[in-house]
Amino acid sequence: MPAFSKILIANRGEIACRVIRTAQELGYRTVAVYSSADAESRHVQLADEAVCIGPAQVNQSYLVIDNLLAAAAKTGADAIHPGYGFLSENADFARACAKANIVFIGPSVEAIHLMGSKRLSKIAMLEAGVPCIPGYEGAEQDEDVLRQEAERIGYPLMIKASAGGGGRGMRLVQQADELVAQLRTARSEAQNAFGSGELILEKAVIQPRHVEIQVFGDQHGNIVYLGERDCSVQRRHQKVVEEAPCPVMTAELRQAMGAAAVQAAAQVNYVGAGTVEFLLDASGAFYFLEMNTRLQVEHPVTELITGQDLVAWQILVASGAPLPLRQEQIKLTGHAIEVRLYAEDTANQFLPQTGTVLRWEPELLPGIRIDHGLCEGQAVTPFYDPMLGKVIAYGANREDARRKLVRALEQCVLLGVNANQRFLANLLAHPEFAAGNATTAFIGEHFHRDPSLSPQAATPRELALAAALLYHASASSRAHQASMAGWRSAGSAPWVFILKHLDQPHRIEVDVIHSGAQPTVQVRYAESLVELQLLACDGRWLTVAIDGVRQRVAYHHDGDTLHLFAHGGNLKLEDITHAPVSGQAAANSGAIKAPMDGAIVEVLVEEGTPVSKGQLLVVLEAMKMEHPLKAGSDGVVRRVGVNKGDQVKNRQLLVEIEASVTPEAAEA
Amino acid sequence: MPRIESQLDVHGGEFAANSEAMLAAVASFRDVEQKVLDKACEAKAKFDKRGQLLPRERLNLLLDAGAPFLELSSLAGFKLHDDKDGTQAGGGLIAGIGYVEGVRCLVIANNSAIKGGTISPSGLRKSLRLQQIAAENKLPVVTLAESGGANLTYAADIFVEGARAFANQARLSAAGIPQITVVHGSSTAGGAYQPGLSDYVVVVRGKAKMFLAGPPLLKAATGEIATDEQLGGAEMHAQVAGTAEYLAENDADGVRLARDILAMLPWNAQLPARTARSFKEPLYPTDELLGIVPADAKKPYDVREIIARIADGSVFLDFKNEFDQQTVCGHLQIEGHACGFIGNNGPITPQGAAKAAQFIQLCDQSNTPILFFHNTTGFMVGTESEQQGVIKHGSKLIQAVANARVPKLTIVVGGSYGAGNYAMCGRGLDPRFIFAWPNSRTAVMGGAQAGKVLRIVTEDKHAKMGQTADPKMLDMIEQATAQKLDSQSTALYGTANLWDDGLIDPRDTRALLGLLLDICHEAAIRPLQPNAFGVARL
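Going down the list, the protein sequences come from chains E and H.
So for the first sequence, the working numbering puts the first residue at 2; every next one is plus one.
So for the second sequence, the working numbering puts the first residue at 44; every next one is plus one.
Keep in mind the hints are simulated off the structure, nothing from the lab.
All clues stand as given, with none of them false.
Straight-line alpha carbon distances no greater than 25 Å define the calculated SDA-like cross-link-like pairs of lysine to any residue that follow: (1) E:Lys614 with H:Gln282; (2) E:Lys650 with H:Gly285; (3) E:Lys100 with E:Tyr85; (4) H:Lys122 with E:Ser493; (5) H:Lys323 with E:Gly517; (6) E:Lys594 with E:His628.
From the derived model, a few chain H residues whose C-beta atoms are all more than 10 Å from chain E: (7) Ala198; (8) Gly233; (9) Ala338.
Because the structure is a prediction, the values reported are computed rather than measured.
Backbone N, C-alpha and C define an ideal beta-carbon position, used for all residues, glycine too.
Generate the whole structure from the sequences, applying the supplied hints.
Below, the structure written as structure tokens:
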């Protein structure tokens with residue numbers, strides 16, 4: 002009698018897709034769950050069955066244990082894979098699964114519970130002889146105790162939320178006088194984020210590497226480690242790049258760390274996939290950080306260098322089978338690097354981005370793996386983590402993998418949603434990273450001036466491509482015979498396009514040199530002149546020759562909006578050539594007139610009052626209704642022609658405003 | 044189907060010489076067009092300063108980028124009336140058939156960059172012709188107006204006939220053909236009726252001016268003192284008088300509104316969706332059209348060489364080829380449109396006239412548009428021809444041409460002399476469209492012939508009086524007559540006088556005909572919603 006046959010994946014996005022893939026390969030039936038916002042998502046499409054578990058908000062869907070168990074009951078799922086995040090490290094969930102007779106594909110309730118507390122786990126690790134950062138992990142939490150402990154540990158030190166993760170509730174304290182304030186912020190952050198204000202203190206390890214060991218245990222007491230992952234490149238304690246092996250790893254150190262990790266796992270009778278995180282300092286000393294009792298986001302790099310499928314291992318172990326390999330059978334080959342593809346605006350404080358995925362063409366080449374949850378037409382909503390997927394490269398050595406990954410990132414077409422591709426590619430291309438020197442301080446110290454971190458104007462070449470595409474779309478309209486596109490009986494004159502990018506209008510002129518099916522156009526923008534021949538555009542790809550060099554550019558054109566897959570990634574341009582002019586000129590005339598006969602019930606400005614556009618000036622009452630009259634532009638009140646209580650005629654001049662000159666008005 | 048096998052030696056000296064001459068002719072009219080453009084551009088700084096777009100910029104912004112644009116009568120009025128040096132040709136109007144929001148329209152812009160857009164007699168003739176084109180082809184009209192009104196030097200030439208333009212506007216409105224006018228600037232006195240009679244009027248704030256009498260005239264007439272804005276500013280018309288429906292903020296916004304209005308009309312929705320026509324390109328390159336018509340008009344050529352380069356697949360079904368070889372008739376297709384073709388390989392004989400007249404009746408019977416390709420010295424003269432009834436047969440042909448109900452498209456590719464011009468559907472026979480190659484000549488007879496005729500007549504007169512004419516005097520008469528006739532028979536002279544709708548590069552002939560046939564076809568199937576009096580602005 003098999004342990005289970007149908008696996009419900011209690012997650013969404015790329016990890017749900019990832020688990021479904023292996024489960025189906027192994028012959029299991031799969032059930033996806035989704036919120037109403039995710040109804041069209043890829044994981045829903047991939048699974049054999051799918052159940053809606055509530056509205057978009059996670060606390061009404063993906064985090065509701067009862068809904069998940071109900072979905073399992075409805076579909077007859079007899080196992081649940083939690084993925085990562087959400088309920089993956091929630092002991093209550095594991096317990097509820099057990100109670101419902103559903104196999105929870107993960108470690109025991111006890112292990113989850115223990116490792117879920119930074120404080121308790123650290124105590125356990127100290128007991129097991131695993132090296133830990135000197136610090137305080139006592140139950141006593143009042144400020145005086147913490148201050149004394151801080152003195153003992155010495156500065157700088159880290160405050161961490163005991164229940165924490167993802168950098169929240171985490172504070173670096175440089176000196177004693179900062180401590181109390183930082184403790185309070187950390188505590189309230191921890192309370193809000195994790196429902197527990199419990200804190201621990203640790204000596205700050207400066208410029209460490211973040212190195213973690215993948216461990217695996219089975220129900221028969223076997224525990225192995227599958228090498229390490231270096232996750233040093235982080236931004237605000239969020240992992241950005243993960244690789245395996247660690248660039249500075251030695252066989253001896255690996256063995257020492259591996260042994261420590263296995264010891265840590267053994268301490269809690271660990272079953273399933275787990276990750277023991279360490280800080281590794283420049284001297285080669287390492288300290289236990291925490292243990293994650295789930296499959297990590299970055300597990301693919303381990304899979305690639307070991308040739309193993311960790312999800313398959315998880316399922317195997319959960320079904321009661323012994324680990325497929327013994328420690329000595331685990332060999333590491335080559336090098337793998339992973340980056341996380343996020344819907345975020347790296348140029349604007351990494352603000353999460355939403356939108357519709359208009360184009361998604363992952364670059365699938367040998368040695369490139371892309372785990373993602375994307376499909377075209379899908380909405381990226383504000384309800385969930387903005388991670389869209391992961392791009393992973395595998396090569397014979399680190400440089401091999403790095404080079405492949407840069408190319409893959411540059412080639413993965415994603416339009417409609419801003420993502421961090423350029424940031425990632427530049428990061429991988431940075432000499433410090435290429436040299437393998439990146440520590441957790443890398444981004445702050447070496448990368449803060451990267452162009453991907455500030456808004457970049459569209460280049461003349463990008464604008465030229467855009468204008469040429471818009472020209473072509475218009476020229477190949479079905480309103481006229483295709484053969485006539487671009488034809489003029491008498492001399493040509495440039496077509497003018499006004500494209501808006503980052504709220505700036507750009508005037509571009511397109512001169513048709515040769516009309517026809519493959520037109521050659523000369524595009525003028527400011528001082529630049531680009532000649533290009535449009536060889537083909539099929540609605541997805543533009544094939545173009547620029548100065549005799551032929552290339553392909555992905556694009557998506559819908560109405561007045563054009564998305565180009567440019568150097569910086571998703572470049573969104575708006576064709577405002579024929580956009581209505583706002584009533585700017587009207588406002589500039591500055592005359593506020595009565596819209597009908599009526600009485601003035603309120604005058605809110607006087608001569609000389611500076612006003613801004615939309616500001617209420619006068620209220621007129623007519624036909625028992627109040628009509629607010631507002632300023633049409635920023636400016637100064639030049640004249641007020643009425644007083645409260647005045648009876649006015651239709652079109653009577655009430656207020657005159659002298660507009661301040663705006664760039665828009667100047668341009669018009 | 045029978046395909047034409049070209050006999051043309053495209054590598055020979057004659058072809059090269061013909062091409063060279065034709066290219067020179069093309070270059071010379073393009074040069075005139077360019078000079079007109081350059082002249083208008085001189086006003087750029089002035090317009091920029093006023094926050095206005097040049098008329099041609101307005102027009103370009105109005106048109107769908109990259110959609111075909113057929114400019115009409117671009118050189119009307121060339122060196123006539125007020126156009127002293129030929130740089131102000133166009134009759135004060137830039138006009139053509141183009142596409143606005145996917146709707147094929149007749150678009151007209153007053154060329155206010157030249158002499159404030161004042162209307163000359165050629166401009167009026169051009170306007171009337173444009174309106175005829177709009178009416179016959181059921182094309183919505185978009186006018187970008189800014190004009191100082193009639194050029195007062197020629198007021199008498201314009202005043203009475205000018206009313207016809209307004210009558211035409213009223214009739215277009217009644218016929219169900221929408222007219223949209225954007226008033227970009229001054230449009231006063233008589234000019235104010237142009238927008239007034241349009242169905243949709245857009246005025247540009249702070250720029251449009253429409254009144255019957257401006258401040259000076261008003262003061263003189265009644266003593267009233269008023270400003271331009273009070274008398275006829277954009278806001279006044281949009282808010283008070285109601286002459287305008289839409290108030291635009293600037294030139295570009297006005298053009299945008301015209302586009303928006305057209306986009307909202309279900310104009311294209313009233314026809315079946317366009318389907319791509321499938322057809323074969325000619326077997327021979329259209330570029331070779333340059334070298335076919337002999338530079339020396341006396342040399343014979345075969346018009347089938349032209350057909351081979353304009354007809355789909357170079358397919359031509361020759362009609363009664365054995366009966367008469369001077370007048371070539373037959374069926375062909377251009378971009379999938381079936382048409383009848385009539386061309387000349389020499390003078391029109393009585394047989395040729397009879398053949399062509401019969402062919403025209405067949406085309407009329409089968410609702411087939413007819414293409415006329417002029418290259419004829421006229422009807423065959425001589426005793427034999429007269430005795431064969433050339434007048435009778437010629438008249439029959441002219442009757443057929445004049446009365447055929449199908450679209451007639453004329454291209455003047457060479458000579459168009461004498462009654463040949465009439466028989467081949469010259470301007471006077473009202474073809475739907477007529478265009479000319481730049482080498483072509485149109486006249487009652489050749490200059491040399493006319494000179495000789497006058498010489499002989501003068502000699503005879505002297506002889507009757509028993510005198511002998513002075514040969515020097517006769518030479519002078521002959522030469523002066525020849526010169527005058529020749530100078531008044533050039534393509535440029537003809538297009539200046541609106542004998543055609545424009546000069547074209549021979550290489551554009553097929554594309555042009557494809558467009559024209561499509562226009563004619565669409566007009567034939569388009570239902571209109573006519574009303575009795577035109578739409579009144581209440």
